[in-house]
Amino acid sequence: MLSIFFWEGTIVPVYAAPNACEAVQSRVRILKETLKKTTNKKAAARIQTELNKLSKDQARLCKKQPSVKLQQQKTGKVAKPQQQKAGRTTKPQQQKAGKVTRSQQQKAPRLAVESSGGRVAAAPAGSSRKKSVPGKKVIQRPQIIDQQVQAVNDESSLRMLKQPAGAKTIPVTGHLLLAGGNTSTFYGKVRQELTYTILETFVGNLIVSGPPGQEEYTLRTLSTEINVEKFGGQVCSKYAGSPPKCTQWQKIDLWQVPDSEIPPGRAAGVVSLTSDARGVMLRVDVPVVEFGSSANIESYRSGCSQTYRETISRKEFTQWFRRSKIELKRKVGKTMPNCSPDTTLTLVMEFKRK
Numbered sequence: 001m002l003s004i005f006f007w008e009g010t011i012v013p014v015y016a017a018p019n020a021c022e023a024v025q026s027r028v029r030i031l032k033e034t035l036k037k038t039t040n041k042k043a044a045a046r047i048q049t050e051l052n053k054l055s056k057d058q059a060r061l062c063k064k065q066p067s068v069k070l071q072q073q074k075t076g077k078v079a080k081p082q083q084q085k086a087g088r089t090t091k092p093q094q095q096k097a098g099k100v101t102r103s104q105q106q107k108a109p110r111l112a113v114e115s116s117g118g119r120v121a122a123a124p125a126g127s128s129r130k131k132s133v134p135g136k137k138v139i140q141r142p143q144i145i146d147q148q149v150q151a152v153n154d155e156s157s158l159r160m161l162k163q164p165a166g167a168k169t170i171p172v173t174g175h176l177l178l179a180g181g182n183t184s185t186f187y188g189k190v191r192q193e194l195t196y197t198i199l200e201t202f203v204g205n206l207i208v209s210g211p212p213g214q215e216e217y218t219l220r221t222l223s224t225e226i227n228v229e230k231f232g233g234q235v236c237s238k239y240a241g242s243p244p245k246c247t248q249w250q251k252i253d254l255w256q257v258p259d260s261e262i263p264p265g266r267a268a269g270v271v272s273l274t275s276d277a278r279g280v281m282l283r284v285d286v287p288v289v290e291f292g293s294s295a296n297i298e299s300y301r302s303g304c305s306q307t308y309r310e311t312i313s314r315k316e317f318t319q320w321f322r323r324s325k326i327e328l329k330r331k332v333g334k335t336m337p338n339c340s341p342d343t344t345l346t347l348v349m350e351f352k353r354k
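Mapped onto UniProt numbering, the consecutive letters of the sequence shown carry residue numbers 1 to 354.
Keep in mind the hints are simulated off the structure, nothing from the lab. Note that the structure is a prediction, hence the values are computed from the model and not measured. In this text, a Cβ means the ideal position worked out from N, Cα and C, and glycines have one as well. One thing to keep in mind: the hints can contain errors.
Stated by the list, open to error - Derived DEER-like restraints, expressed as beta-carbon distance ranges:
| hint | residue 1 | residue 2 | range |
| --- | --- | --- | --- |
| 1 | Thr-185 | Thr-318 | 41 to 51 Å |
| 2 | Lys-41 | Val-190 | 40 to 50 Å |
| 3 | Thr-183 | Lys-238 | 16 to 26 Å |
| 4 | Thr-197 | Arg-278 | 31 to 41 Å |
| 5 | Glu-22 | Lys-315 | 49 to 59 Å |
| 6 | Thr-335 | Lys-238 | 32 to 42 Å |
| 7 | Arg-278 | Leu-35 | 48 to 58 Å |
| 8 | Asp-276 | Pro-212 | 16 to 26 Å |
| 9 | Lys-334 | Gly-232 | 15 to 25 Å |
| 10 | Gly-241 | Lys-41 | 39 to 49 Å |
| 11 | Arg-278 | Glu-22 | 27 to 37 Å |
| 12 | Lys-329 | Ser-272 | 13 to 23 Å |
| 13 | Pro-243 | Gln-319 | 50 to 60 Å |
Use the sequences and the hints to build the structure in full.
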């Protein structure tokens, strides 16, 4: 938890237990990654100065918490008698442990810092990025999607889902693009402003059931990657006068995807479709991205991280389905909270029909 108070016109962050130590540690990690990427000597000097200051805060705030090494020793003492009792670790157990390690690597947040040249450099993300074959554009379909295909083709599963055995499953690929921003104020003055373009790719299955002319549609999707195409903004770091007026700004030059948004955390429901007598209901869950400045330890979540809904007529959806492609672009600034008025949401989906 991070609180803020004003001291002689300057914003001073106050760390409150129990998350104070974790906040400082997280900030130290971000700054170290930023320091590796930056080529600007002045920026590097500022980052190093803050790292030196944070190291003292880290020692003070984290001294009462048990260290990772002590926790590992404690865990080792508990695990050792179990290993002696069970004997050698079996091969399946080793394979299971390896899967857990890879899953943890996939959840590592991706950081990006805007370099002096204006380009965005992304920090390593472990194994979260997809590997592609040179010269070929490969879209990897998660295992859960393949399991859904098997479930649809299995008659017993279809009876449980109350779907007819003749249902068809059509692979879907797509992406959504959110271009917008948000602004916060203090005493009627702009305190923080942010603009961004967020891209999320996904794969899925469109399940079509029912006789011709009376088809029912259900779409299930999985996120494959979240990326920030471009971003920019600033936050006020110093106020003066009465009423307060900003006299110093800090540039927003960092972004990361929260663990909850990184697959498999954000596993399902990116885009979904269901049909009934009214038409085809479209639902889009916009991803969340955290932004920050290399000059402070605060984080600013993207606005517009809400759910967009729209009902499409069966006639219009049938036309899209026949073209094997859906392209939607909507202005959502007035319908979704915490969005700038000119925010747009673009959805593109392609049906891989045989």
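How the hints compare with the structure:
1. At about 46 Å, the CB distance of Thr-185 to Thr-318 agrees with the hint of 41 to 51 Å.
2. Distance hint check: the CB atoms of Lys-41 and Val-190 are about 30 Å apart, inconsistent with the given range 40 to 50 Å.
3. Taken as a hint, the range 16 to 26 Å holds for the pair Thr-183 and Lys-238, whose Cβ atoms sit roughly 19 Å apart.
4. A C-beta distance of roughly 33 Å is found between Thr-197 and Arg-278, which places it inside the suggested range of 31 to 41 Å.
5. For Glu-22 and Lys-315, the Cβ-Cβ distance of about 53 Å falls inside the hinted range of 49 to 59 Å, so the restraint holds.
6. At about 36 Å, the CB distance of Thr-335 to Lys-238 agrees with the hint of 32 to 42 Å.
7. In this structure the hint that Arg-278 and Leu-35 lie 48 to 58 Å apart at CB holds, the actual value being about 55 Å.
8. Checking the proposed 16 to 26 Å range against Asp-276 and Pro-212 shows it holds: the Cβ atoms sit about 18 Å from each other.
9. The beta-carbon spacing between Lys-334 and Gly-232, approximately 23 Å, falls within the hinted interval of 15 to 25 Å.
10. Against the hinted window of 39 to 49 Å, the Cβ-Cβ separation of Gly-241 and Lys-41 comes to about 34 Å, which falls outside the hint.
11. At roughly 47 Å, the beta-carbon separation of Arg-278 and Glu-22 lies outside the given 27 to 37 Å, and the hint is violated.
12. Range check, Lys-329 to Ser-272: about 19 Å between beta-carbon atoms, so the 13 to 23 Å window is met.
13. Distance hint check: the CB atoms of Pro-243 and Gln-319 are about 56 Å apart, consistent with the given range 50 to 60 Å.
In this structure, the hints that do not hold are numbers 2, 10, 11, in rising order.
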